[in-house]
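Protein chains: 2
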Amino acid sequence: MTKQGLEKVRVFSLGGVGEIGKNMYVIEVGDDLIVIDSGLMFPDDDMLGVDVVIPDISYLLENKHRVKGIILTHGHEDHIGAVPYVIKQLNVPLYGTKLTLGIVKEKLKENGLDKNVDFKIINNKTKLIIGTTTVNIFRTNHSIPDSVGVCIETNQGSIVHTGDFKFDQNPVDGVYSDIGKMAEIGENGVLCLLSDSTNAERPGVSVSESAIGQGITDAFYTAKGRVIVATFASNIHRIQQVVNASISTKRKVAVSGRSMEKIVSIAIELGYLNVPTDTLIKIQDVERYEDDELTILTTGSQGEPMSALSRMAKGAHKQIAIRPTDTIIISATPIPGNEKSVTKIVDLLYRTGAEVVFGQKNVHTTGHGCQEELKLMLNLMKPKYFIPIHGEFRMQHIHSQLAHTCGVKKEHTFLIDKGDVVEFTNNEARINGKVHSGNVLIDGIGIGDVGNIVLRDRRLLSKDGILVVVVTLNKANNAIVSGPDIISRGFVYVRESETLLEEANKLVTVTLNKCIDDNINEWSALKSNIRDALSRFLFEQTRRRPMILPIIMEV
Amino acid sequence: MTKQGLEKVRVFSLGGVGEIGKNMYVIEVGDDLIVIDSGLMFPDDDMLGVDVVIPDISYLLENKHRVKGIILTHGHEDHIGAVPYVIKQLNVPLYGTKLTLGIVKEKLKENGLDKNVDFKIINNKTKLIIGTTTVNIFRTNHSIPDSVGVCIETNQGSIVHTGDFKFDQNPVDGVYSDIGKMAEIGENGVLCLLSDSTNAERPGVSVSESAIGQGITDAFYTAKGRVIVATFASNIHRIQQVVNASISTKRKVAVSGRSMEKIVSIAIELGYLNVPTDTLIKIQDVERYEDDELTILTTGSQGEPMSALSRMAKGAHKQIAIRPTDTIIISATPIPGNEKSVTKIVDLLYRTGAEVVFGQKNVHTTGHGCQEELKLMLNLMKPKYFIPIHGEFRMQHIHSQLAHTCGVKKEHTFLIDKGDVVEFTNNEARINGKVHSGNVLIDGIGIGDVGNIVLRDRRLLSKDGILVVVVTLNKANNAIVSGPDIISRGFVYVRESETLLEEANKLVTVTLNKCIDDNINEWSALKSNIRDALSRFLFEQTRRRPMILPIIMEV
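Going line by line, the protein sequences match chains A and B.
According to UniProt numbering, the first sequence is numbered sequentially starting from 1.
According to UniProt numbering, the second sequence is numbered sequentially starting from 1.
Source of the hints: derived by calculation from the structure; they are not laboratory data.
All values derive from a computational prediction rather than experimental measurement.
Treat the hints with care, as some may be off.
Which chain A residues stay away from chain B? Per the calculated CB distances, all over 12 angstroms, these [stated by the list, open to error]: (1) Tyr59; (2) Lys109; (3) Thr134; (4) Ala211; (5) Ile266; (6) Gly337; (7) Glu339; (8) His397; (9) Asn505; (10) Asn519; (11) Ser528; (12) Gln541; (13) Thr542.
Quick partial rundown of chain B residues pointing at chain A, CB under 7 angstroms, derived from the structure [unchecked claim]: (14) Arg10; (15) Tyr350; (16) Gly446; (17) Arg458; (18) Lys463; (19) Gly465; (20) Val468; (21) Thr542; (22) Arg543.
By construction, the Cβ of each residue, glycine as well, lies at the ideal position given by its N, Cα and C atoms.
Only chain A is shown next, with the shape it has when bound in the complex (with noise of 0.2 angstroms):
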């Protein structure tokens, strides 16, 4: 408490600003910590063998009993994705909507994690109390039903986070942005806003969901056989759309992708996707019905090796084998740094024969607002103080400068990167100090393990590979028993190197027995004299410079 009897509060983001993914950000009001969501984010390229990447909550768990609650906004996996990892080390109840938890749940169940989980349901009418601070909760559009932002209510004002958010003025499940409650939350006052920045570079407004079912209709009304459609599992909208698309064109869905299988059924079961019982069929079931009465609902939208469609396309699915009958509308963008694989993915598919719907604007559009959504955004809520989150560094700076043209003060705009704190206090905010955070990376069962080093090995080895030289010594006076044994791996064709090898391995016989007749025994000097003079041979006769590993074993 200061003086005046205000709260101190204090907002900071553990992930998802200054990148896109694994968005974590914490409300400090006193001394209760709220977290909003746990995301993890999918490695960048030079992040060689890491699976997933997740944010540090050291800071988290430093202040364990302080922690009271993490609000989930919505489903996607850069937002809930961490969940297992952090629950594990801070049980701490989990608020989200029905939707979100029953996807959390259901991932916690694979973990053997969902016992003991205190979870607790929110939607728009909520009002809680988290630790003693008044959180209200109001409904948002996006690409995943059930999503929702946040008002956390301090003395000194509110502090709200938009979630992921668009203006849908025609959501296909007719459940709107509670616009209404945004503006009243306004009216009262909002210290600060955290807003979605992942499309402040685009201006107008996003198309809504709607219209692509239109799209999706039309292509489904001139396929002549089968209709495969592959886009993300969590987009309920899009797949009800599908499903509605099949049922006028009189085709029964089915599903393949594990992920896929997985939100359809909990969609179904939790009544966020109507499909009539005998619309669904199983996979293994569609050579009983003919191709024009079957659509293939599937994931691999991204052009994720592994999955569905790309094992249809390589024809190494299980029950399909694209036909040139077929019709295959991916129905969404590559996300950046996909582009590649997927159009990799659509080429096959194309060469299969079969009609291929790709990029075009009527079968996808974005679940995130444009531009005049996130004015609309700045509009109803009138902050004081504007943090644009969720964004890469150029998103939260153009985010910044639509505030700007809304009328919030330059001074009061903070593009913060992880671990920066803005404080609140008697209503003024400051950028004050750092809290720890960074990337935690995970590869396989590993967690932490894999750093800095261990990527720059990986890196080196992954461009010219390696060469162990392995030689065995007299331990009285350091004469060559046996070896050296050159092994290379990933450097050059060893059969069509032979003369380079065979050289390489005189050039150590040499090297050692130098060092012996100048009295250098140390093993570290010993290695470091075969790594250099090998080094530089290899790299003039080669222009590579491959990861050189002498051993030295003593007998």
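Assemble chain B onto chain A, guided by the hints.
Then chain B, alone, in the frame of chain A:
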């Protein structure tokens, strides 16, 4: 010669179909082989450590005496980049326009290969005889000056290769595509057209290069301090427009980046770039001028990590540190696959506080014609047969659909792969056989010594690293004399995984001793026993599959 006295004509690609890059097409007329272009490709993500990829020219080498010349359509890397590798093995005349050969000569000089090469300059008026065949050249527009198409007159009819082209109605240098000549070629009858498919997916027409001049000039007029423009080094028209904008805003131009410096100097020397002598200054001299008197032209528009722009963004450029008053114009679009590296640099630039112009349509246009231009070419040439080239499969496919709308019969369109031979006899075409084709990977100075096995190993190494297990055995009884020693790289943090590695070590000892007890003596069997046991253990413990390299030494 066939019975009717008509030469047999065969057309195939050694690179450039089913892919973007390493263009090389071969037209066989009777006994003569005429090669069109000789380009390189930048490696795919999965070609780890590879620098560039060139076409496999075994077929040309096996028919060395029949190859009569290489015609280069323009000076881009994907059309001339393999010349140094090819000319070393195949010393035939090189045909190209003045600028194209100017760039090629510089490239050969760097490799000490410019002596004894027979350069033959061509232009729009050229009528060549190559071997016994007449070859006509026609001028096109592209994102580099002096680009041409090629018409090979066989006595079955003409084979036309468009090169890369767009129809620019306002070319910067006032040099128009020679539509008249194209129409004339068409009137005389085209047997087969090979045409650029790059933008077959894009409807409409491409924006004129000169329209970009306005966008660039606008940005110059609003710039407060220095203007830094990153673009493709070879886009001389773009560079001309940057020079013009600099002159109208009273700025000197400094060039940074080796390839940019090289091409600018060639283009000035050959008269393709018009820069008043006092406008061009050395990059070392920028500090002599006020910020608003300076333009800096630089490479790095594709986010290349070692490029000048990248070094500026990272604060590692010798002369240029980005200032908040700078305006940086990225006058290029990311080539597919480069999106993430470009936005990484853009974000760094934004972080400096500078003005960044990126992703805006008014500062970049394509050099390849869109659908309406492709149709115009088809209608001018009115070919009997059509081979869409220069593109990935879906682009070829869509281009062939465009051709059908222009009256080319479906069965007269050939969607070829590398090596597929389209054979013409008596004015009729069919696919007849395949010549050898493929990728040659260049890593350092090695040509062809990196292939599938080496790449597979690099991929393995890049994912989970390597464990080397060394043990010295007694020759007489196979008893362990020294070791086992386990050394890992790129697998786990050794310091945090001591127990794991100790257990692994014990496991190797146990496995080896068991082998000895079981009288398993052969090294290959010992090694595979070690590999299997260790692999299973490590996967159980970590869910990773590092490469395991057992080495047995004998004393």
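Hints, verified against the model:
| no. | hint | in the structure |
| --- | --- | --- |
| 1 | Tyr59 | holds (21 angstroms) |
| 2 | Lys109 | holds (19 angstroms) |
| 3 | Thr134 | holds (37 angstroms) |
| 4 | Ala211 | holds (19 angstroms) |
| 5 | Ile266 | holds (26 angstroms) |
| 6 | Gly337 | violated (5 angstroms) |
| 7 | Glu339 | violated (5 angstroms) |
| 8 | His397 | violated (5 angstroms) |
| 9 | Asn505 | holds (14 angstroms) |
| 10 | Asn519 | holds (23 angstroms) |
| 11 | Ser528 | holds (15 angstroms) |
| 12 | Gln541 | violated (8 angstroms) |
| 13 | Thr542 | violated (5 angstroms) |
| 14 | Arg10 | violated (23 angstroms) |
| 15 | Tyr350 | holds (5 angstroms) |
| 16 | Gly446 | holds (5 angstroms) |
| 17 | Arg458 | holds (4 angstroms) |
| 18 | Lys463 | holds (4 angstroms) |
| 19 | Gly465 | holds (6 angstroms) |
| 20 | Val468 | holds (5 angstroms) |
| 21 | Thr542 | holds (5 angstroms) |
| 22 | Arg543 | holds (3 angstroms) |
Violated hints, in rising order: 6, 7, 8, 12, 13, 14; the structure is consistent with all others.
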